[in-house]
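Student: As a plain string of letters, each chain reads:
Protein chains: 2
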Amino acid sequence: MARKKEIMVGIDLGGTSVKALAVNRKNSVLATEKKKTEAGSNAKGVIQEIASLVEKTAKAAGMKVKALAAVGIGAPGAIDVRRGVVVEAPNLGWKNVPLGGELKKYLGVPVVLDNDVNVGVIGEHALGAGERVDGLVGIFVGTGIGGGIISKGEIYEGSNGWAGEVGHTVILMDGPACSCGRRGCAEALASRTAMERDVRDAIKSGRKSAIPRIMKERGKDRITSSVIQAALAEKDPVMMEVMERAQYCLGILVANVVNTLDPERVVIGGGIAERLGKDFTNPIRRTAYEYFLHPQTAKRTQIVPGSLGDNAGALGAVVLARQRLGL
Amino acid sequence: MARKKEIMVGIDLGGTSVKALAVNRKNSVLATEKKKTEAGSNAKGVIQEIASLVEKTAKAAGMKVKALAAVGIGAPGAIDVRRGVVVEAPNLGWKNVPLGGELKKYLGVPVVLDNDVNVGVIGEHALGAGERVDGLVGIFVGTGIGGGIISKGEIYEGSNGWAGEVGHTVILMDGPACSCGRRGCAEALASRTAMERDVRDAIKSGRKSAIPRIMKERGKDRITSSVIQAALAEKDPVMMEVMERAQYCLGILVANVVNTLDPERVVIGGGIAERLGKDFTNPIRRTAYEYFLHPQTAKRTQIVPGSLGDNAGALGAVVLARQRLGL
Chain X
1 MARKKEIMVG IDLGGTSVKA LAVNRKNSVL ATEKKKTEAG SNAKGVIQEI
51 ASLVEKTAKA AGMKVKALAA VGIGAPGAID VRRGVVVEAP NLGWKNVPLG
101 GELKKYLGVP VVLDNDVNVG VIGEHALGAG ERVDGLVGIF VGTGIGGGII
151 SKGEIYEGSN GWAGEVGHTV ILMDGPACSC GRRGCAEALA SRTAMERDVR
201 DAIKSGRKSA IPRIMKERGK DRITSSVIQA ALAEKDPVMM EVMERAQYCL
251 GILVANVVNT LDPERVVIGG GIAERLGKDF TNPIRRTAYE YFLHPQTAKR
301 TQIVPGSLGD NAGALGAVVL ARQRLGL
Chain D
1 MARKKEIMVG IDLGGTSVKA LAVNRKNSVL ATEKKKTEAG SNAKGVIQEI
51 ASLVEKTAKA AGMKVKALAA VGIGAPGAID VRRGVVVEAP NLGWKNVPLG
101 GELKKYLGVP VVLDNDVNVG VIGEHALGAG ERVDGLVGIF VGTGIGGGII
151 SKGEIYEGSN GWAGEVGHTV ILMDGPACSC GRRGCAEALA SRTAMERDVR
201 DAIKSGRKSA IPRIMKERGK DRITSSVIQA ALAEKDPVMM EVMERAQYCL
251 GILVANVVNT LDPERVVIGG GIAERLGKDF TNPIRRTAYE YFLHPQTAKR
301 TQIVPGSLGD NAGALGAVVL ARQRLGL
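Chains as they are written, first to last, in the working numbering: chain X, 1 to 327; chain D, 1 to 327.
Bear in mind the hints are in silico, worked out from the structure with no lab data behind them. Zero decoy hints are in this set.
Note that identical chains are pooled: a pair holds if it fits in a single copy or bridges any two copies.
In the SDA-like style, the derived pairs of lysine to any residue whose C-alpha atoms are separated by at most 25 Å in a straight line are:
| hint | residue 1 | residue 2 |
| --- | --- | --- |
| 1 | Lys-204 | Met-215 |
| 2 | Lys-152 | Arg-82 |
| 3 | Lys-152 | Val-81 |
| 4 | Lys-95 | Glu-264 |
| 5 | Lys-95 | Pro-295 |
| 6 | Lys-95 | Arg-300 |
These numbers were taken from a predicted model, which means no experiment stands behind them.
Construct the complete structure from the given sequences, taking the supplied hints into account.
Tutor: Right, here's the structure in full:
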């Protein structure tokens, strides 16, 4: 019989949805739940929704909330890990929200909070493509580009808990505008948002592309990972060019990260990597190898796609909670 | 009376000279020696010269070599720290030179080898502008740009011992050619070599500048740190523009490093920083603060010039040797 207090719930809080999963001691997933968040809803409302999603997930796993060992949660933006506070999350419109403390009040179980990308990297490291190597950098390519660093088997928090923001390192000084208000960040050159901008610009300038048709067929108003995949499958020239450029930029970013940190492995995660797998990471690896300072590094540093897909964050939140609470 | 085996010699091996100093247990410098190295001399010859420089330095401190506790040495290029081997040092023309082991054979005392920039950062951290903060990044601007990372009080070696090469991170994709054979590295934009290239290009294109006169007066055929200082003192417009551009690039580099690693402090070392002090680092800090992702970081992350000047490497080599050997 399962002992009490060994089930945990992991939460991945995104800008548009919350994902929850319940796992047992061996990190087998017992139940998953997902909920859209309303844009512009206030922090209190979102926290209540998260609490009821935890209840629902626990119930689906045959548990009451009070019987959970703990809840781990990853949230976007700058997190004060020690105090459990979301210091600033532009995607959510939050400033100084005590998410950890409030959630603990609602649920009555321990809550551990960290940055969404950090928990994604912890997930891939512990249970996915990271395979518990000592030194790992995770780069998640989605609407933005997030990053996280594992050093000596643990997340590298930095002095304020804000290390790993490689998406906002500049690789093209005075380049295109970034969501962060600066210019030339990797995110402004190689995120899905950047690819979408480049595709739309190309079409506006008169280039022919299958993308508008593909979007219409799929009822999408954004160039999602599935649209990108379908366009590449059709060898759409605009999509191929834009993807090649983004992969080149990501290759430079990976090389910068490797020349700075010399990790054993770089894991490329996020929706596009999940869909395209090695077709996405192989060209990135080729450019990165050309830009490694020490040619010997190329033989040793592995560059691989993530393997947990959409579950990386919620699973990592559980792993982190277990580490922090000594469970 | 001084106990036996407490004096150490630190060596900083550069492309054109070797510097040695003897220190006591409190890291007070008892003697310093310096020697030019012959360009193109073979590794064996250079190692013999280093050995005799150690003897000379020990003697100047009133010791025999055999009575030294240890020798610490910093060498340029990729170092295999565990085996004490210089894997590749383009400045010296070396490949796979077992510097640590050979020197130990000549001297009969323990020898600890690491990268020259790493030992410089260790020196600034332990005895200089680093003041033993937990997390620190050192960026040394000279003929190249080197970097080293201190995390939790210790050098961050990475999985191959090659972490910290921030001078060869790309900040301007497809930008000017770098000594490493790639394009757009920080070193190709903001090292003294890059500044010299930009000054010479400006003069070639017809711009008026005091620099050729200053070089002649000082008998220099290169734009050294002292030439740069003199030209800035005269408010030479070409030098001011080139310096401003280099400082902007260094500000971007510092922001990249901070957004990646979130250290408590960044120390800018090397010849130019030594000469110009805050006049060099203040504009770098201004740009860096604009490019920090989290504005709160700006209030917390310090950006300061190095304080050990030319001694940072040799002093750091001693500190490292003491750490490694548990002395």
